[in-house]
Amino acid sequence: MRKILKNTLDYLESRVDYADIRFVDNDRETIEVENGILSAYNISNNRGVGIRVLVNGAWGFASTNNLNKESLLETAEQSLKIAMASSLIKKEDIRLAREERHVDSYTTPIVMDPFKVNPEKKIELLVRATRRMLKDKVKKSEGILDFYKTHKLFLSTEGSEIKQTIIESGGGITAHAIEEGEFQTRSYPASFGGDYATSGYEFIEKIKLLENAERIAHEANELLVAPPCPEGSTDIVIGGSQLALQVHESCGHPVELDRVLGKELSYAGGSFLTLDKLNHFSYGSPLVNITADATLPKGLGTFGFDDEGVPAGRTFLVKRGKFTGYLTSREDAFKLGQKSNGTARAESWNRIPLIRMTNINLLPGNFNLNELIGDIKNGLFLDYNKSWSIDDKRLNFQFGTELAREIKNGKLGKIFKNAIYQGITPEFWHACDGISNEKYWHTWGVANCGKGQPGQTMHVGHGTSPARFRNIKVGASK
Amino acid sequence: MKDITFWKNFIKKIKKELKVLDFEMVAIESNSGLTRFTQSYIHQNVAEKNLDLTFKVINKDRISTVKLNTLDESEVKKTVKRAIELSEIMPVLDYHYCLLEPQIYKIKSQFSEKTENFTPLDRAQKIVQLVERIGQKGYESSGALETGIETLIVANSEGVFAFDRKTTVDFNTVITKNNSTAYHSFVSSEINHLNIKRICDELLNTAFRNLNQVEIQPGNYTVILSPEAVAEILSETGYAGFDGKLIMEKKSFISGKQGKKLFPESITISDDPFDKLTMPIPFDFVGYPRGKVDLIKNGVIVDGVYDHLTALKYNKNCTGNTLPPESASMGAASFNIAMKQGEDQLEDMILNTEKGVYINRFHYVNMLNPMSIELTGMTKDGTFLIENGQLTKAIKNMRFNTSVVDLLKSVDMISRERQTKPGFVGPVVAPYIRTNHFIFSSKTNF
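Sequence order for the protein chains is D and R.
Our numbering puts the first residue of the first sequence at 6, with every later residue one more than the last.
Our numbering puts the first residue of the second sequence at 50, with every later residue one more than the last.
Keep in mind the hints are simulated off the structure, nothing from the lab.
Some hints could be false.
Stated by the list, open to error - 25 Å max Cα-Cα, derived PhoX-like pairs, lysine-lysine: (1) LYS483(D) with LYS306(R); (2) LYS282(D) with LYS445(R); (3) LYS121(D) with LYS126(R); (4) LYS95(D) with LYS246(R); (5) LYS127(R) with LYS144(D); (6) LYS478(D) with LYS126(R); (7) LYS246(R) with LYS422(D); (8) LYS126(D) with LYS127(R); (9) LYS246(R) with LYS456(D); (10) LYS398(D) with LYS299(R); (11) LYS74(D) with LYS68(R); (12) LYS127(R) with LYS483(D).
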């Protein structure tokens, strides 16, 4: 494949300001079980080549699943025509931040290749876990295992040549307690498909689906007869799984520099973290430290190089509460006079790289979880996402959680259903007065982050530990 | 793109490869281009040629599904062989999987040669027209214009062979000047129907009003929703309320309510490929012919839509709403949601509203409670206060937490005019509606 890619790049070299070519070959295996019965065993392979050219200061991109030499040359020609069309209306020539030439490779370190694990073993795990959840009013149980192996080859006219193999494993279980006119759901380890990591099958063994099946079924049954979450303003502790999505929506997206520059305006929206706020804006309390770290072992947003050939790195986005950095691509970093921090990623060969979250992490604090809860007289412990929504500047958010537990005089108490909490991003992060320590810290994998037109789904990670927030508006969905 | 003869021959080869085993095949061959612009210049411009080829192998009620994106003979053979191997170790289903028999299709997708032949340069020129018109009034525009062609082939070992080709045009734009914004979306099969001049006039009309936004307090309001906003609500309702699988699992608000009158007489919602304003597909992803399915008729809950698997499992009739094989476990989807028109004119709806809010568009809508279809989301790009029958002031963006069931129960005016807007899995045909139940739960300062 390398030879044919290089041949295509050579064909383009004299006619472009810059070009890169990416070959992506992705294998996926998804197993789904419902109520102890296999409902899907899907395997897929998807491969192709994307060619991105910068001509006359404007971008063109064309992609194809047909990998012969003639098809790639035709696709290269098409990318040139598209770039010429782009140059019909431009404000200024696109320029790229400087990047060194990299000839390198990266492979996700794994212990057990998930694609080599016996299919029957994988099915059996989900069959047993979903059967175990069918207790009392739990009439529907679901389990999923999901594995990806992605080979990438990147070549650019700047001489970079990067080979990567990324392996991802994920899984989760869900119990639905159902009675006339209502159902309640509990998921483990996280909602909406479970937890994911760049890891082999050892990740699935570590998350212990079977061992947690009965507990979440019990909680789903409890929720069905629980009172709705009370309305008002109260102190809350947010568990790691829900906090991962809070970080995702209220920090991860607004620090994407392309959003800040208006490139997502007609679709996903903009950002309140405008350029004038960089290094001048108090985003949260001094306890709040947030990084983008694509080097974090096992994070779902971990890789060797992004899809522009920039090495994975670690950047502070928020330091001691102050907003200090954006996620950048080569094109947008140039506008700030910076180097790219390596976050331009494409869903696959048929999409262009966009600025995407890597692992966006709320760094751990110094508290034990019982200290966070112990210092609340009346409040709530909330975890496991059920619903999310945030405005187009990423300020007014509202989340629903599967689970809410009363905190009374520093102790966890009864369970509430249908909890929601709402806030305004900087006010919310300023209300943070405690983050639990490394012992509770986990990198959650979120495999469904959407952005761009045409749409791109990206796999990202979030390191979090439970944290406390004072005087937050809570209520219940109806 | 490969023609019908190629695919007929291809299926013969697959039959040979699979010998006595049953199979279903779905192939989607696509060729599309999308031009994206922001602040009045093109910043992304892409093209894609692709193929999705999925085989479901049925081996005595043991099923495996494999997918690839090449027609390379050795790769196809290898993948089919893998599907056979996998099917042998799969557990047996808890119901008998029957293949569909050959069908007759009455509908064809819409196809436009103009759209098929629309080039990146043509797309750029359309965008130049928009940017220049909007720019003359000092506004900047952002958005995307996508044109594409897609061939869908569904076949099985019982002799089903369904072939269809369609074109699509998908356009959206937001225009901005300081806090003044407006939004428009357009979906069609025909590029010639994309009338940039008319869209610019509508955008500027909204944007000129959308100035000096004021705050209002959260609470229950009478609202008039645009077709764009209604389409979003109907998409969410279709997904969470009318999927037959959820109904059978008692996870839908209509479970057990079939035949009950929940809504005013004026509410009729269907999945209707025959609606004049929709963009139909002739068959679903196992080859069932598409037909009209009443979801709510004259205020009475009728039933939902059923996919092939759910129909087999629960002894129901498949309604031609089966999803592609890799999404089979999700149940069924309404591909052509359409809400029946009313008798009212938008102008009269506003004129007859003493105090209310007009909503042009929602942002980031998500489900809070599927059993009441309680949704949350934000208003955006043109929300206006209605006072004494007139749009008086623009309103800052508001968050809503509101139940679609309660919203539809309180609908008292529906427009004659309907528009076709993009939905989750297909276009949605929606009118303007007025409802006396809409809960704003919090506000923003912009």
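Hints and how they fare:
1. LYS483(D) with LYS306(R): Given that 25 Å is the threshold and the Cα spacing comes to 19 Å, the pair holds.
2. LYS282(D) with LYS445(R): holds (23 Å)
3. LYS121(D) with LYS126(R): Answer holds: LYS121(D) to LYS126(R) is near 21 Å, not above 25 Å.
4. LYS95(D) with LYS246(R): holds (22 Å)
5. LYS127(R) with LYS144(D): The given pair, whose Cα atoms are some 39 Å apart, is violated under the 25 Å limit.
6. LYS478(D) with LYS126(R): Violated, because 58 Å separates the two Cα atoms, which is more than 25 Å.
7. LYS246(R) with LYS422(D): violated (51 Å)
8. LYS126(D) with LYS127(R): holds (23 Å)
9. LYS246(R) with LYS456(D): Violated, at about 29 Å.
10. LYS398(D) with LYS299(R): The hint is violated at about 37 Å.
11. LYS74(D) with LYS68(R): Violated, at about 34 Å.
12. LYS127(R) with LYS483(D): At roughly 52 Å apart (the allowed maximum being 25 Å), LYS483(D) and LYS127(R) break the hint.
Checked against the numbered hints above, the structure breaks hints 5, 6, 7, 9, 10, 11 and 12 and satisfies the rest.
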